[in-house]
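Engineer: Go ahead and model the full structure; you've got the sequences and the hints to work with.
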Amino acid sequence: MIKKEELVIQITIDGPAGAGKSTIAKKLADKLRFLYIDTGAMYRAITYTALQQGIPLDDEAALVKLTTSVNLDMVQQKEAKPKIYCNDLDLTLAIREPLVSRHVSQVAAHGLVRQELVKLQRKLAQKNNVVMDGRDAGTVVLPNADCKIFLTASLKERARRRCLELNAGGHRHTLEMVKADLARRDTYDQNRKASPLIPATDAVIIDTTFLTPAEVVQKILDLIKEKESD
Numbered sequence: 026m027i028k029k030e031e032l033v034i035q036i037t038i039d040g041p042a043g044a045g046k047s048t049i050a051k052k053l054a055d056k057l058r059f060l061y062i063d064t065g066a067m068y069r070a071i072t073y074t075a076l077q078q079g080i081p082l083d084d085e086a087a088l089v090k091l092t093t094s095v096n097l098d099m100v101q102q103k104e105a106k107p108k109i110y111c112n113d114l115d116l117t118l119a120i121r122e123p124l125v126s127r128h129v130s131q132v133a134a135h136g137l138v139r140q141e142l143v144k145l146q147r148k149l150a151q152k153n154n155v156v157m158d159g160r161d162a163g164t165v166v167l168p169n170a171d172c173k174i175f176l177t178a179s180l181k182e183r184a185r186r187r188c189l190e191l192n193a194g195g196h197r198h199t200l201e202m203v204k205a206d207l208a209r210r211d212t213y214d215q216n217r218k219a220s221p222l223i224p225a226t227d228a229v230i231i232d233t234t235f236l237t238p239a240e241v242v243q244k245i246l247d248l249i250k251e252k253e254s255d
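Heads up: the sequence shown at position 213 corresponds to 238 in our numbering, and the numbers run straight through without jumps.
Bear in mind the hints are in silico, worked out from the structure with no lab data behind them.
Heads up, none of these hints are tricks.
Below, computed lysine-lysine pairings styled on BS3-like, alpha-carbon distance capped at 27 Å:
hint : residue 1 : residue 2
1    : Lys152    : Lys106
2    : Lys144    : Lys90
3    : Lys244    : Lys52
4    : Lys244    : Lys181
5    : Lys148    : Lys103
6    : Lys152    : Lys252
7    : Lys252    : Lys52
8    : Lys56     : Lys108
9    : Lys181    : Lys204
10   : Lys218    : Lys90
11   : Lys148    : Lys108
12   : Lys56     : Lys252
13   : Lys144    : Lys108
14   : Lys181    : Lys106
15   : Lys252    : Lys148
16   : Lys152    : Lys56
17   : Lys152    : Lys103
18   : Lys106    : Lys250
19   : Lys103    : Lys52
20   : Lys244    : Lys103
21   : Lys108    : Lys52
22   : Lys106    : Lys244
23   : Lys218    : Lys144
24   : Lys250    : Lys56
Structural biologist: Now the structure itself:
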């Protein structure tokens, strides 16, 4: 039963890149008036900062030191994804740069880095009703979440979406380039030792290949209603 008195409600949305996690999570959070937590943005912020400071991305100790020394903050925005700040510097747009996308999986593979960011993610979810998206939100960060969703889509469709997003931002990428990059990230994320990309055993898997964002959100709202009536 998802409806609670006084306690917080936690909804997790996991899945591979391009499956629609952030879009769906944000829309769902707006509908429910919940806090939206974009865990991927946190890993991107650490990746961007490490690249800017010349920290080797295979140096776990240095990355942990960076993660524990910076101040990450997320600020909700109406009708838009939250802004993310690192030491008061707005990195919302910078973390979406292709260079960050190519390297974020490498940073996220470090178990000790994940441990530090999971602490922050759990802290944010302790006192708020939340919709949290990521790759291990339902398996590691919030294993007792009330509703767990795992979004997926065909590689071709995910590449098409990501290509449109990148090109709209002024970058020039071909569909094949993006498809190859997503395939590489899938392999990396699914086979890493620390929190591999897998659905939680109690997650509901939704294939978004042929669905609009509105249709996916409605499916999740219907699932929540079912849980409320149990």
